[in-house]
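Sequence lines, in order, name chains A and B.
Using this note's numbering, the first residue of the first sequence is number 1, and each one after it goes up by one.
Using this note's numbering, the first residue of the second sequence is number 1, and each one after it goes up by one.
No wet-lab data here; the hints were simulated from the structure.
Please note: incorrect hints may appear among the correct ones.
Claimed, not checked - With a straight-line cut-off of 20 Å between C-alpha atoms, the simulated PhoX-like cross-links for lysine-lysine are: (1) A:Lys128 x A:Lys414; (2) B:Lys114 x B:Lys101; (3) B:Lys128 x A:Lys222; (4) A:Lys128 x B:Lys222.
There are 2 protein chains.
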Amino acid sequence: MLNFTHDPAAQSWVAAAQSPGCDFTLQNLPFGVFVREGSDEHPRGGVAIGDQVLDLAHLAASGLLVEPARAACCMAADSTLNAFMAMGPESWQPLRHALFKLLSSNTDAATQEKVRACMLPLSQATMKMPVEVRNYTDFYTSQYHAVNVGRVMRPENPLTPNFQWLPIAYHGRASSVVLSGTGFRRPNGQSRPTDNQFPAFGPCRRLDFELEMGFFVGQETKLGEPLSLSQARGRIFGMCLLNDWSARDHQFWEMDPLGPFLGKNFCTSISPWIVSMEALEPYRVAFERPASDPQPLPYLDDATDRASGSFDVHLEVSVQSRQHRAQHLPGDRITATSFRHQYWTIAQMLAQHTIGGCNLRSGDLMGTGTISGPTPDEAGAMVELSVGGTRPVSLPGTGETRHFLEDGDSVTIKGWCEKPGAARIGFGECRGEVLPALDVGAA
Amino acid sequence: MLNFTHDPAAQSWVAAAQSPGCDFTLQNLPFGVFVREGSDEHPRGGVAIGDQVLDLAHLAASGLLVEPARAACCMAADSTLNAFMAMGPESWQPLRHALFKLLSSNTDAATQEKVRACMLPLSQATMKMPVEVRNYTDFYTSQYHAVNVGRVMRPENPLTPNFQWLPIAYHGRASSVVLSGTGFRRPNGQSRPTDNQFPAFGPCRRLDFELEMGFFVGQETKLGEPLSLSQARGRIFGMCLLNDWSARDHQFWEMDPLGPFLGKNFCTSISPWIVSMEALEPYRVAFERPASDPQPLPYLDDATDRASGSFDVHLEVSVQSRQHRAQHLPGDRITATSFRHQYWTIAQMLAQHTIGGCNLRSGDLMGTGTISGPTPDEAGAMVELSVGGTRPVSLPGTGETRHFLEDGDSVTIKGWCEKPGAARIGFGECRGEVLPALDVGAA
């Protein structure tokens, strides 16, 4: 449901919020956690606007908010957003609406002055993990991705028979979810024997990214109490960008029969800003499912989800190598697609997660699974772009090519929503750099 | 390494600790978290001895302990054992040794009186979750189990080629790990289409238990820093009993290609008492691996692990149906085996978990995977005992039979170590009851 916070004509007195291409418009107001750069202050919640962070701890103490926005702001000012997420939409919306009014150019000069006193330039903020991730689940909901990868692993039968019946998922590792900007070592591990004798052991030779989005659970649920689709919609706080780094050689050796483990759990990166579901409302689109495909079972189906369960978020991935950096070049874009092409919606994912009784906790992170679009150049992972490592992907800036990621490669995901008649809503970026493997000997 | 706390002749002034079959001997001293029954007190750490709980909060304040045992006792008195686990063996051992001396019959009468004032009968204690489970990983390390289940799923090739090369594992769901005694609803979900058209939806028809042990991580590790086998041994705080309830029909439909999800995440039960690794020392046994099998890669192999990496823990499972309870009968034992038959040791599991750089947190729970012994009546799950649901398992007490679990069935795992020349070390029990499914309609 659209409201005044979605008015594309509304402007902020923070001038940068109106700059072309600015992710953090007045209509966005994403939440994150930060400290002042170089300080030893306690991390606290903030909201991005233009080129500024609004410090929610300062704002909560400013006297500018009334209930229930003030109480919500106190919670959102905490060192993680978990407690704020646990409050539910009845608290999220009043705070967002109050922030919109305070930051709108309609606000009087005296109020603007007081709000400005609670701000810090984004360039002086060091972002922190926005959430203590209690549980992390990763879905597998792009049919294009499933078919692309399936062709590499099971050419005779790329799509498993369950794919069109339920949003497939597995449990990921919560402890190794890190903030954008954190480097990680190329993992060591075993891979499939090539000579049918001994598995290889050593640094991953098929290191990959996975272009994903993440979403966070708001209020917790109880063990044994499933969520309907409509309840599920109300339990989603917001979304971020996510990179589910993957060691394909390790993964493909270990995953039979229980799924990926070390091939995934060495690192998962998320972007620092969480865009609220309310901010994304204008970009809801109909759920694309051909009439000839199986239709969802009743617990995964309702009219609202069909009409507007998907989101049109433009997504891009770029790779910047050591050579790019040596030549002061930006990274090269290697893929671009939209989140709208997923086969299952985020509400369906959450309804599926709870249908057997599994309980959710505030701050639980859900990954959407790799997001690949309908054409080959819209694929969300190197293993697809390079067709299982058989076709080089070019980095035109330096003339290099890649089959998989090399040491020093920095991968950046960007995402935003944009269309005529609506304000731009951006996610910022999710970045990570591959560091050389630890030398653990021949092991 | 054995020390004075392993002396089988040592006795406690708590008389029940010497009763035949008592799990909680002076040589055991397992840790748990409890409240006084019916009180609204804050949960706190305790140690079981005979038929008593020693209240660690009271003991810490009693003046009976000196450093470093006193500081360790303060931490162990917390509402979860996570902070105590994080202290490491340098704190665990002094506290255990001090408790042993205070509870030994060599202690003077005045001290006994003071310690007795810190005690509560076990019958008046309500046990609580001993740990905030941050991450839960479940391994798959019984070759007998892997072959038994593999025969049902892949008759032509029951053991996957990776099994003898690495301890296979997947990430489980931390939020739904519950304490022994907690009932759970039979899960609803999808299962494989039988007519090659529509998947079935409804209550699980192949509900199973899995006999497992669990172990807990002590000090955390850093992202990117693997543990050697010898470091891994020092990171394990202790062990418990674990039941990884499984919905086989849901699991077998959903798990291709990413592994079990809803088939497992509706409930996992653990026993309330955690037996320290030091208490288990006398029951270490050599790691059984035929010389004709592949030998472990160097990072999964050392002389100590080969000589004494396994543990001889006797394990039993019994089922008590509604009919048993109506007739005031105990449950019938349906299987018994030993933990010593696992193909991989717990140190190998932890070394494998970290080899790619995945970080561990204090209180992380690891499941060993289903524990099945060499003979068919030593199998650790109904799917094996009933040979995929084709052969009835009898409950002689009532004359009933089972292929899988029925509503009202209560499953109890018991475990203990016993042998000539060593004191009995018991785990107590891990129990759970199947409640009827929630009616979610035809969905």
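Going straight from one Cα to the other, do Lys128 (chain A) and Lys414 (chain A) come out at no more than 20 Å? 18 Å, holds
Straight-line Cα separation of Lys114 (chain B) and Lys101 (chain B) no greater than 20 Å? Given that 20 Å is the threshold and the Cα spacing comes to 13 Å, the pair holds.
Holds or violated: Lys128 (chain B) and Lys222 (chain A), Cα atoms, limit 20 Å. Status holds; Cα separation ~17 Å.
For the pair we were handed, Lys128 (chain A) and Lys222 (chain B), check the Cα-Cα distance against 20 Å. 17 Å, holds
Of the hints listed earlier, there is not a single one the structure fails to meet.
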